[in-house]
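Q: Here is how the chains run, residue by residue.
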Amino acid sequence: MTTILPECDIPIPQRKPHIVCHDPENMVLPVCNVQTVPGDMTERGCTFAGCRGVVGGPVKDAIQLVHGPIGCAYYTWGTRRNLSDTKLHRKYCFSTDLTEESVIYGGAKKLLNSIIESHELFPEGKAVFVYSTCVVGLIGDDTEAICKQASEKIGIPVVAFHCEGFRGVSQSLGHHIANRTLFEKVVGTAEPQESTPYDMCIVGEFNIDGDAWIIKPLFERMGVRVLSVFTGNASYNDIPPMHRAKLNIVQCQRSSTYIAKMIRDKYGVPYINVSLFGMKQTVQALRDVGTFFHLEENAEKVITEELAKYQPLIDQYRKRLDGKKCFIYQGAPRAWHWMGPMRELGIETILTATTFGHKDDYEKIMEKAKPGHICIDNPNALEIEEYLVKLKPDFFIGGLKEKYLTYKLGIPFINGHSYEEGPYAGFEGFVNFAKDIDVAVNSPVWKLINHPLEVK
Amino acid sequence: MALIKQSEPIKTVRKTRSVTINPPKMCQPMGAILAYMGVHGCVPLVHGSQGCSTYPRYNIARHFRESAEVAVSSLAEDAAVYGGSKNLTEAIKNVKSRLNPAAIGICTTCMSETIGDDVKLISKKALTPGDKMKIFPASTPSYVGTHLTGYDNALRTLVETLAVKGEPNNKINIITGIINPGDIREIKNMLRLMNVQSIFLSDISETLDSPILPGGHKPALPDGGTSLTDIADSANSLGTIAICRTAGSAATYLKNKFNVPSVLDAAPIGVINTDRFVQNICKLSGAMIPEEIIRERGRLIDSLVDVHHYLYGKKVAIFGDPDLVSAIVRFCAEAGMNLTVAMTATKHKDFALDIKAVNSEYKTDTQILEGTDLYEFHEVVKTHGAELILGNSKGKDLADDEGVPLVRFGFPVYDRVGVYRYSIMGYNGSIYLLDQMTNAILGHKYDPDKLHQ
Numbered sequence: 001m002t003t004i005l006p007e008c009d010i011p012i013p014q015r016k017p018h019i020v021c022h023d024p025e026n027m028v029l030p031v032c033n034v035q036t037v038p039g040d041m042t043e044r045g046c047t048f049a050g051c052r053g054v055v056g057g058p059v060k061d062a063i064q065l066v067h068g069p070i071g072c073a074y075y076t077w078g079t080r081r082n083l084s085d086t087k088l089h090r091k092y093c094f095s096t097d098l099t100e101e102s103v104i105y106g107g108a109k110k111l112l113n114s115i116i117e118s119h120e121l122f123p124e125g126k127a128v129f130v131y132s133t134c135v136v137g138l139i140g141d142d143t144e145a146i147c148k149q150a151s152e153k154i155g156i157p158v159v160a161f162h163c164e165g166f167r168g169v170s171q172s173l174g175h176h177i178a179n180r181t182l183f184e185k186v187v188g189t190a191e192p193q194e195s196t197p198y199d200m201c202i203v204g205e206f207n208i209d210g211d212a213w214i215i216k217p218l219f220e221r222m223g224v225r226v227l228s229v230f231t232g233n234a235s236y237n238d239i240p241p242m243h244r245a246k247l248n249i250v251q252c253q254r255s256s257t258y259i260a261k262m263i264r265d266k267y268g269v270p271y272i273n274v275s276l277f278g279m280k281q282t283v284q285a286l287r288d289v290g291t292f293f294h295l296e297e298n299a300e301k302v303i304t305e306e307l308a309k310y311q312p313l314i315d316q317y318r319k320r321l322d323g324k325k326c327f328i329y330q331g332a333p334r335a336w337h338w339m340g341p342m343r344e345l346g347i348e349t350i351l352t353a354t355t356f357g358h359k360d361d362y363e364k365i366m367e368k369a370k371p372g373h374i375c376i377d378n379p380n381a382l383e384i385e386e387y388l389v390k391l392k393p394d395f396f397i398g399g400l401k402e403k404y405l406t407y408k409l410g411i412p413f414i415n416g417h418s419y420e421e422g423p424y425a426g427f428e429g430f431v432n433f434a435k436d437i438d439v440a441v442n443s444p445v446w447k448l449i450n451h452p453l454e455v456k
Numbered sequence: 001m002a003l004i005k006q007s008e009p010i011k012t013v014r015k016t017r018s019v020t021i022n023p024p025k026m027c028q029p030m031g032a033i034l035a036y037m038g039v040h041g042c043v044p045l046v047h048g049s050q051g052c053s054t055y056p057r058y059n060i061a062r063h064f065r066e067s068a069e070v071a072v073s074s075l076a077e078d079a080a081v082y083g084g085s086k087n088l089t090e091a092i093k094n095v096k097s098r099l100n101p102a103a104i105g106i107c108t109t110c111m112s113e114t115i116g117d118d119v120k121l122i123s124k125k126a127l128t129p130g131d132k133m134k135i136f137p138a139s140t141p142s143y144v145g146t147h148l149t150g151y152d153n154a155l156r157t158l159v160e161t162l163a164v165k166g167e168p169n170n171k172i173n174i175i176t177g178i179i180n181p182g183d184i185r186e187i188k189n190m191l192r193l194m195n196v197q198s199i200f201l202s203d204i205s206e207t208l209d210s211p212i213l214p215g216g217h218k219p220a221l222p223d224g225g226t227s228l229t230d231i232a233d234s235a236n237s238l239g240t241i242a243i244c245r246t247a248g249s250a251a252t253y254l255k256n257k258f259n260v261p262s263v264l265d266a267a268p269i270g271v272i273n274t275d276r277f278v279q280n281i282c283k284l285s286g287a288m289i290p291e292e293i294i295r296e297r298g299r300l301i302d303s304l305v306d307v308h309h310y311l312y313g314k315k316v317a318i319f320g321d322p323d324l325v326s327a328i329v330r331f332c333a334e335a336g337m338n339l340t341v342a343m344t345a346t347k348h349k350d351f352a353l354d355i356k357a358v359n360s361e362y363k364t365d366t367q368i369l370e371g372t373d374l375y376e377f378h379e380v381v382k383t384h385g386a387e388l389i390l391g392n393s394k395g396k397d398l399a400d401d402e403g404v405p406l407v408r409f410g411f412p413v414y415d416r417v418g419v420y421r422y423s424i425m426g427y428n429g430s431i432y433l434l435d436q437m438t439n440a441i442l443g444h445k446y447d448p449d450k451l452h453q
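Going down the list, the protein sequences come from chains A and B. Counted the way my numbering counts, the first sequence spans residues 1 to 456. Counted the way my numbering counts, the second sequence spans residues 1 to 453.
Bear in mind the hints are in silico, worked out from the structure with no lab data behind them. By construction, the Cβ of each residue, glycine as well, lies at the ideal position given by its N, Cα and C atoms. All clues stand as given, with none of them false.
Okay, the calculated beta carbon distance ranges per label pair: (1) A:N237 x B:A220: 48 to 56 Å; (2) A:S418 x B:N259: 48 to 56 Å; (3) A:H451 x B:K363: 55 to 63 Å; (4) B:Q197 x A:G346: 53 to 61 Å.
Start from the sequences, fold in the hints, and give me the full structure.
A: The structure is reproduced here in structure tokens:
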């Protein structure tokens, strides 16, 4: 058997199939994408979070209107570091702020008025995105009809997302809902102003701390025209013509493969998976795109220039980091995106975990894992603490909620969700990534923890 | 400013729009979790969707820079149809068996309240006879009130569940409301100087500001917090002082049920409000004002004298939770500042009265915005002007738009370090706040030549 029941889970044995010690002779994948054990101190979020926070939220010139009581809007106001060159989507938080009266009599009128008023106050908004929260699903507001009515009145698209928090098992369903909604209601509603044989969309790239601003120019320097980025620093108007791309590349393969597949199936646009983290994977992505567009020479030129500039810096960091061991805990894809890049820095990942990974995520992890590697599906706070204490990694790359727990245990930490001092993608971003690991691991502060206070 | 004539009657502005834009308020579970986090050995358990625990945890982590462990019953579609009783029962069982906590503090959500789960009954059934673990079944629907309502409901539930009549304990109950660990430590310091024993309802000063210890050893649940025994004993105290009136319903409960005198008064910020706090302590406990407190007060007045040339007439706008805002408004008036706009998103019956009292005493004309949002606040600030803005991190963009500094207070502050560590309460804390405000003004386009004496 390769599944494990950690000590903290003895009272909840149903966690056992979610935790696997990798044995290539007898490979087992963790059970995944199922309901959380109630009360297990999960780190998971809700479907609304996946839809509003991850996929819909980065669209920079949409009025992001949350239909529900105030909390859900507040908590997604300017939190994820999905940057853009305008401020509408991060600076402003729009909510229908439902109260008891609306829960009893319905929130339809308030929603309609809120859409119209938001448009009047912010005419620069190219569309209104309306996200339903738990209570809206329960009271049964017909948000679809209200959005249609509002759109006719204000003359810009009003898109309803049915992403009530209680649906599904994690954020993951929210990604799917956002993809499907944008595909069904937005993609194909307008044609690009011009078409070239080199049009490509970068899908599943949310411009966290400026990742897209590093990635996009790499492809442009090769002679590829980036038609849209889905959805990092995207304008609403970038989404309708996505169906006219010649190729889609998919970076976040958990949250956004859905739309790439739907576009492929309906419009015949092929897609390829890429990992734009680390030197080797970024090189591979540029080569794959070069091959597709017959721009191989251009790709090699960009690769040569980038490696000449950044590989020496990476080599320097490798000297400082060689032999270190780490944990990676991310939503899903970054867990396996980063295992290869860690090895480029001489770092071995001894434990991976994902909040909402599906079977294909765990297959990708196991392809890269060495025997003895621990892999946890939907870990909870107690499991994380137990493994940090037991295996003592040199550092942990997770999300903010795990950061201060890790610090208390005296273990260096990097925020992999919003980053410390990113961007982390592409060649240049990998140098930032290496630098942040170096800062975390080699800071003198850790030595003070065990420095004795005694009277001599 | 003292010399301004009142041009028009001060009206309380309330939002007339349907849409809320940039609300400086959160939902009830957020506040309830904070109340529970101040109880020793208590694990907060949110009965709702997973986002309802994850989002508040994120907010706590980024303000206090501490981990905040919160359980959730992970309600899903089946609960929407069949009710959430099964999930909550299982969640209680799992938290209990894995963490063995002294108590579980339940917060309900919009979902569990709308589907109509009887949380009191479910919690009662989840306990076995003779169970030592306590469960606090607070009702905190997100569509009623704000984070402050949630704090108040959870705190009252704590006291209702535990308080029992016994021998008089000669202590004062202090209801803190949502304030920082630094504030609580300062209030404790004042009580120590006055030789008054106390029970804090509740106390996050250790649980949300914990040390890193040698070896990286960390307790399963955070050290500190008010013990269940002390909460039970709150029925036997000399009196209760709520320094945040929005959190005062537990004080009223103790008064009605156990005849514990209650004082719901202004937060101790500034000279006169801190004086009132000291007087209230003396009245309830019979303590005398010690020399050290008189010297602290003197240092605050000395600080005000030192900076009055810099602050007099300076236009300030403030937003935040009502108790903190109205106390700081009075303090700014004491400093001779011209407080142009005072805004709170949480409605409270005393808020407008407090500001109007300051307006009438100091002949100021502070505009009052209640139950509205930061979009409206910004519009009013544009009209009435501000050279300094006071508020939490959500004021950053509008302060930048106005080209004025933002002095951060309240919750959450995530774009500066250490704000939770320092007190803005008591005479000492007021000095700190005063210096923050003055230095913000001096550090922002102030002619450096004028700073040479």
